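Chemist: So you can see what is in the structure, the chains are spelled out below.
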Amino acid sequence: MNPLRLLGGIGRAVLTVFATFGKVALFTVDAISHVFRPPFYPREFVVALMNIGWLSLPVVGLTAIFTGGALALQIYAGGARFNAEAVVPQIVAIGMVRELGPVLGGLMIAARVTSSIAAEIATMKVTEQIDALVTLSTHPMKYLTAPRVLAAILTVPVLVAVGDVIGIAGGYVVATQNLGFNSAAYLQNTVNFLELHDVISSLVKGATFGLITAVMGCYYGMNSGRGAQGVGRATKSSVEAAAIMILAANFILTGVFFSV
Amino acid sequence: MIRLENVHKAFGDNRVLQGMNLDIPKGTSMVIIGGSGTGKSVALKCVLGLIKPDSGMIYVDGKDAATGDRDAFLARFGMLFQGAALFDSLPVWQNVSFRLLRGPLKRPAEYAREIAIDKLRRVGLKSDVADRFPSELSGGMQKRVGLARAIAAEPEIIFFDEPTTGLDPIMSGVINDLIREIVTEMGATAMTITHDMSSVRAIADNVAMLHGGVIQWTGPVEQMDASGDPYVEQFISGSAEGPIEAVR
Ligand SMILES: Nc1ncnc2c1ncn2[C@@H]1O[C@H](COP(=O)(O)OP(=O)(O)OP(=O)(O)O)[C@@H](O)[C@H]1O
Ligand SMILES: [Mg+2]
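Just so you know, the protein sequences line up as chains A and U, in that order. Sequential numbering of the first sequence, starting at 1, is according to the working numbering. Sequential numbering of the second sequence, starting at 1, is according to the working numbering.
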């Protein structure tokens, strides 16, 4: 292959990535600004709260309980290699609260919420419902995006907190039932070990991931191509982008909170 | 008064509008005819600002439609989309009275519902469809709900994109009469796209024929049959022979 063509291709791909970043950044700023500017749509906000928050509870809870349980087994087995089995409660707590609770919760919400937001808004776009909104003097960013973004920023931290607790509970059940830990001591160790800082980092990550899931769903939905294929592509891209951005943001936030 | 001046719009290398000029006097009913895919729907969307023309000017009451207060501008319009474009997450009555349930025109819900049921009756739908969802209605019923939504806030300017497509002849008659009534009794300005020549005769004050990205002919509906324009004549007769190619 001609090396110049190859270079040109790489250059174009890089430019496309940067252009998309720019567009997503502008879209995010725009979306957040509409959260604060009237008119507000309280009914749409309540619906979004239900869809994003309440209905995601089972998925997030199940993810957390199995993760916490597996974590306890692994730490026990790993710790046994250098006689450190006793650290199970501490490491489960830290692992769940600092990393696994927010990240796995965020990814599950990306799978569940980002995809449904993207598919719904993309379908509205291809069936001209977004155009119809505009002709009915309703701003799509205010009516569709703002309620979802606000609901996600508020509910995902709560979901993450619930996931943290359930994950720790999963570890606790496995440790006390299978690994012979004393129940009271396990709880005592967990509570003593966790710091406020850990909990705050978990909630901040939750809010950030909430923002990412809602914004990516809305962005790809609003920019969907035409037809069923356009909807499919928008949905796929939104989940991919949200998942990668969650992992990248998690890395950055962990650096901000925990680097010494 | 709506005026399009030398409006151009292309999608990639598909040049759809290539210098469209049209005047629609206030309080009159303009019907746009033209082959499928000639850009009739695109022209309506350009006036509403849903699609940005590449060049050319659009004036509403002498003011540039692209500048000024968008909300005040759109508040004067009602639009029936070709595919109805109903909000499928809302029941029919909330679709019809969408403007009355939120935003600056917000009214009590019972009042909004009454208005919706009244508008539904005007498009020939019984009140029991009010609580159904759009996906539970037939295509023609959806179209009529879209029509009810377009006229619900009694706008000054109404655009109808193929209002009678998919309706039986009796219902088409009802809708034609309704559009005529909205123009003559309420003094609205209407712009209608249709392929149905009996609708053209029932609705139009003036007719414009769009072909090749420009208005080929425009004039009062009474002159349509004697237009002398080969495009219009072929369109009225529905013949495959003539300047309009059958394969486009
Ligand atoms: N958003 C868009 N992106 C790309 N092309 C478009 C878009 N909207 C319309 N077109 C193209 O513009 C042309 C005109 O479309 P338009 O919908 O205005 O046709 P029409 O005259 O309303 O036809 P019909 O009578 O079948 O509804 C078509 O070739 C269509 O493919
Ligand atoms: Mg059309």
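Do not take every clue at face value.
So the derived list for chain U, only partly shown, Cβ under 8 Å to chain A, looks like this [to be verified]:
1) Lys26
2) Tyr231
3) Glu233
Straight line, CA to CA, 27 Å or less: simulated DSSO-like cross-link-like pairs of lysine-lysine [what the hints assert, rightly or not]:
4) Lys63/U / Lys26/U
5) Lys142/A / Lys26/U
6) Lys236/A / Lys142/A
7) Lys142/A / Lys23/A
8) Lys23/A / Lys236/A
9) Lys23/A / Lys52/U
10) Lys26/U / Lys52/U
11) Lys142/A / Lys52/U
12) Lys63/U / Lys52/U
Derived from the structure by calculation, the hints contain no laboratory data. All values derive from a computational prediction rather than experimental measurement. Glycine included, each C-beta is placed from N, C-alpha and C at the ideal position.
Chemist: Compare the structure with each hint and give your call.
Modeler: Cross-check of the supplied hints:
Given the 8 Å rule on beta carbons, the hint for Lys26/U is violated: about 20 Å separates it from the nearest Cβ of chain A. Interface restraint check for Tyr231/U: the shortest CB-CB distance to chain A comes to about 28 Å, outside 8 Å, so the restraint is violated. Annotation: Glu233/U was flagged as interfacial toward chain A, and the flag is violated, the nearest CB pair being 33 Å apart, outside 8 Å. The straight-line distance between the Cα atoms of Lys63/U and Lys26/U is roughly 14 Å, inside the 27 Å bound, and the hint therefore holds.
Note on Lys142/A and Lys26/U: the hinted pairing is violated, with a Cα-Cα distance of about 33 Å set against a maximum of 27 Å. Taken as a hint, the Lys236/A and Lys142/A pair is honoured in the structure, with Cα atoms around 24 Å apart against an allowance of 27 Å. The suggested pairing of Lys142/A with Lys23/A holds, with an alpha-carbon distance near 18 Å, which does not exceed 27 Å. At most 27 Å may separate the alpha-carbon atoms for a hinted pair to count; Lys23/A and Lys236/A meet this at roughly 18 Å.
Annotation: proposed proximity of Lys23/A to Lys52/U holds, straight-line Cα distance about 19 Å (limit 27 Å). A distance of roughly 23 Å separates the Cα atoms of Lys26/U and Lys52/U; the hinted pair therefore holds under the 27 Å criterion. Restraint check for Lys142/A and Lys52/U: satisfied, since their Cα atoms lie roughly 21 Å apart, inside the 27 Å limit. Restraint check: the Cα-Cα separation between Lys63/U and Lys52/U comes to about 16 Å, which is no more than 27 Å; the hinted pair holds.
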